[in-house]
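K.L.:
Keeping their order, the protein sequence lines are chains A, B and C.
Sequential numbering from -19 applies to the first sequence in my numbering.
Sequential numbering from 30 applies to the second sequence in my numbering.
Sequential numbering from 120 applies to the third sequence in my numbering.
Quick caveat, the hints were computed from the structure, so don't treat them as lab data.
Hints are supplied without guarantee of correctness; some may be wrong.
Stated by the list, open to error - Label pairs and their calculated CB-CB ranges:
hint, chain 1, residue 1, chain 2, residue 2, range
1, A, -9, C, 381, 32 to 42 Å
2, B, 103, A, 51, 46 to 56 Å
3, A, 40, C, 298, 22 to 32 Å
The model shown is predicted, which means the values in this text are computed figures rather than measured ones.
Glycine included, every Cβ here is placed at the ideal spot set by N, Cα and C.
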Amino acid sequence: MNMKNLSLYPAVGLFVLIGLVCVAYLTVNLANTSLFDQNQYALNTKFSTANGLRVGSSVEISGVPVGKVAAIELDQQLYQAVVTLNIEKGVQVPEDSTAAIKTSGLIGDKYINIIPGGSSQALQHGESILDTQAALDIEEMISKYIFGSVNK
Amino acid sequence: MITPTLIHIDKLSKSFQGRVILDEISLDIHRNQITALIGKSGVGKSVLIKHIIGLIEPDAGDIVFDGQSYATMSRKDFAAIKSRCSYMFQNNALFDSLTVYENIALPLRERAGFSTAVIAEKVAHRVAQLELAEVQHLYPKQISGGMQKRVALARALITEPEIIFFDEPTTGLDPIRKNTVFTMIHRYHQELNFTALIITHDVPDIFYIAHQVHILDQGKIIFSGSPIELERSTDTDLHQYIHGHDLLVDELTGLHSRTEFMRAYAAAQHDTVGLVSMQIKGLRAVADYDGQLTVFALRQALGRFVGSLSECSVFPAVFSQEIFLLLLPLATASQLEHVRTALKSFFDQPHVTALRERNKISIELGCALVPPHTAACAALKDTLASCEIVL
Amino acid sequence: MVHDVVRSLAGLTGKMFTELLEHMGRWAVFSAVSLAGMVRMHRLLPKIAYDIYFIGFKSLNIIVLVAFFTGMVLGLQGYYTLIKFSAEGMLGVAVALSLVRELGPVLTAIMLIGRAGSSISAELGIMRISEQIDALSTMNIDPKQYLVTPKLIAALICFPLLTAVFDCVGIVGGYFSSVLLSSRSGIFFSKIQSSLLLADISGGFVKSVVFAVLVMTISCYCGYYTHLNPRSSGAQGVSNSTTSAVVQSCVYVLIADYVITSFLM
């Protein structure tokens, strides 16, 4: 067994190494996991509908990704969607900014676009963006357009 | 010498797919003794041993090991028993993906408390003893059957167990190594004083080392006792187990055994029976000086000669080493006389005469017509009494 | 007549059902004992290393090959489907998600069933019919923990790692075919990064761990109990148990895949 093991262990080691590299590539690079959470801070937003938005959707300011959607929950009193955003530290979001759910392309992914306000006061960790615009409901718009034209 | 019972098998029964293999078997294995279990192939000797080491569960009955009943025993207690035993399988059951050395070392490696150095030393000792040194780094499939047997033996002995079950330890070995194995079992037994149960076909060799013999036939133990008791027993069924070697010789010479003679006589005795006896005095000495094969050649010639006799249904048999009997059912006096003359002419042939003269053999022939319903014993006595030296 | 047919059918079904129950029960106990053997893992380390070598290292080449072509064909099929919606930019996402969530764990498990499960089943079957397993038990070595536990541990290590290799190589394969087909291959990886979630990847790993346990216990079970098959014995028994190891492993892997997917979604 000892003779055999001499050539066995490097092979086993090589295999485990290759496997772990692949795991690391998948989790860290492709899934874009942020290993260090202290580089981010959380902001809350409320939307009348978070239709199409999901955890991990990107948050952009002027088309530049600055964070991700961390959680989507339902506010039981107001029946609104509470969306928690993780924003990179160093990105200042003015307190009078507006958060809007947008679609990339006609049928693409939903993302959150933050339109910066003019205030010099930046939002702190745990605070909320008050002004929000829910997603445009394309189906509703199309049906309005169609039924509207029928009514004419 | 009777030592306390170590394993008591109590009315053990087992059947496989409706075929009864063991039928309420009871036997005792005594502590520190060598017990032999003999019987024809396929009568369930291995099955019996596998019950003792727990590889097979009985249909009914129980085994009591050192006072503990298997039926009520916990797994832990049974594991403790297993660690006191080792079992040498009939087909060796060597691990074919491990080398000879690893095979022998495995039982020690998996048992706590042995350092690598101690294991190496113990294995080297056994390997040297069983002449396995040059094959120890080969795999079991690369060595001969006899060597595999010795590896299995080494593996069984390596843990120095209290109880060893040998399932045909000598089958497939050459006669010299067979003797080595028996000698070794005997020597270890004196040294380590273990308890052994040996299944074997090597009759009568086993009788020299066994203290107790059990014979298994058709699911029953038909004999239990010491080898001496077995030898003294008058039961004709048991004789085939003791004289296994003679049976083969008799088959080859065309001369029947004593048992078969008794059976043939019993079948023919309701009519007049002719008996011819032939005593070849000095034949035993031929065996000693010229060898068994010379005697065998003479017997074979005799058997062939008797077979060629024109007299219908002559039943030739070996009664003892020097006495041969011919049974002629429904014989007349003239027929008997004719056979007698013919036999005399056989011994007058030149090459038989040469053998006779060289070894100072004398031939005595006798014959008798036995009236119906005479006891075999009396008939034989009459016939032998009528013997007279003819050559 | 109809009555008789119904009755014999009912009898047959009942017999099959009791046989199935018996198998399930024995398999469950077998797996539990083998898993319980993990507490004494340190004694088995050399055997585990060998089994990792056998199950993992020796399967690397075949996994890489299969993964690359699976990724390529996914890229090809996805491209021609997505181009109809002018959404060929989503190709990377389509390839990555189908690989990570579904094809990676399942195809890896199926390949390992063919390469390792069958040979392990045959090995144990031969050990059974040549009484080597009995020999272990007479030496007071638990054959399940000596033979099955190291393979189980090795499989628990190898299946997720090989699944990760499969995913990565498959994604590269998909990229390769998208480079061949489309000029818009540049956004392949960035799209994956923006839509692949850690939950997808960990879901894939959960699957591969479950598959590891299933494949190893079923393959070992079939080989280990070769002697219990009443319809065949000897070499034929080994061949039968190898076949049933492969077939049953595949079936249960696919069933488990559905169940896990429905839980994770």
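K.L.:
If a hint holds in the structure, say so; if it doesn't, say that too.
P.N.:
We went through each hint and held it up to the structure:
Between residue -9(A) and residue 381(C) the CB atoms are about 38 Å apart, so this pair conforms to the stated range of 32 to 42 Å. Under the hint 46 to 56 Å, the C-beta atoms of residue 103(B) and residue 51(A), about 54 Å apart, fit the expected range. Against the hinted window of 22 to 32 Å, the Cβ-Cβ separation of residue 40(A) and residue 298(C) comes to about 28 Å, which satisfies the hint.
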